[in-house]
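Number of protein chains: 2
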Amino acid sequence: MSTSEYQVTGMSCGHCEVAIRGEVGQIPGVDSIDVSAQTGRLVVTSTEPVDDAAILAAVDEAGYQAVRA
Amino acid sequence: MSTSEYQVTGMSCGHCEVAIRGEVGQIPGVDSIDVSAQTGRLVVTSTEPVDDAAILAAVDEAGYQAVRA
Numbered sequence: 000m001s002t003s004e005y006q007v008t009g010m011s012c013g014h015c016e017v018a019i020r021g022e023v024g025q026i027p028g029v030d031s032i033d034v035s036a037q038t039g040r041l042v043v044t045s046t047e048p049v050d051d052a053a054i055l056a057a058v059d060e061a062g063y064q065a066v067r068a
Numbered sequence: 000m001s002t003s004e005y006q007v008t009g010m011s012c013g014h015c016e017v018a019i020r021g022e023v024g025q026i027p028g029v030d031s032i033d034v035s036a037q038t039g040r041l042v043v044t045s046t047e048p049v050d051d052a053a054i055l056a057a058v059d060e061a062g063y064q065a066v067r068a
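Top line first, the protein sequences correspond to chains A and G. Heads up, the final residue of the first sequence is numbered 68 in numbering that gives the first Met the number 0, and it's a clean run with no missing numbers. Heads up, the final residue of the second sequence is numbered 68 in numbering that gives the first Met the number 0, and it's a clean run with no missing numbers.
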């Protein structure tokens, strides 16, 4: 089990959380996603390590910017 | 052609606009919708007059509050 944390900018509401959850959730190996528009915190748990680049690209695809926290 | 204007509170982003557009757009007779998260302004144009109650209920269904402007 691997857990990675990111800081996301630009989320403003629950719809934004859903958008990020939808994109990140498509990455193979991702087991659970904890995301908060209020704090900008994104925590991804995966059964095996997932490349940061894949997570950051998924967040970008959803329309937001993230950095590894 | 009938045009009605409403003030919506609680929208924060484009996803919110899409949510309102999706609900209001289902009302029979609605021809076009102009909605802005930035101003909270919702303008509904319909081929025949639409009850305010129907518009307000659709906005509520989307998760927001509106009043006739």
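No lab work stands behind these hints: they were computed from the structure. Errors might be hidden in some of the hints.
Short, incomplete list of chain G residues facing chain A, as computed with Cβ under 8 Å [to be verified]:
#1 THR8
#2 CYS12
#3 CYS15
#4 ALA18
As the structure is a computational prediction, the values presented were derived from the model and not from experiment. The C-beta atom is built at its ideal place from N, Cα and C for all residues, glycine as well.
Results of checking the hints against the structure:
1. THR8: Violated - the Cβ of G/THR8 stays beyond 8 Å from chain A, reaching only about 13 Å at its closest.
2. CYS12: Since chain A brings a Cβ to about 5 Å from G/CYS12, closer than 8 Å, the hint holds.
3. CYS15: OK, holds: G/CYS15 within 8 Å of chain A, min 6 Å.
4. ALA18: It holds, given that the least Cβ distance between G/ALA18 and chain A is near 7 Å, below 8 Å.
Hint compliance for this structure: hint 1 is the single one not met.
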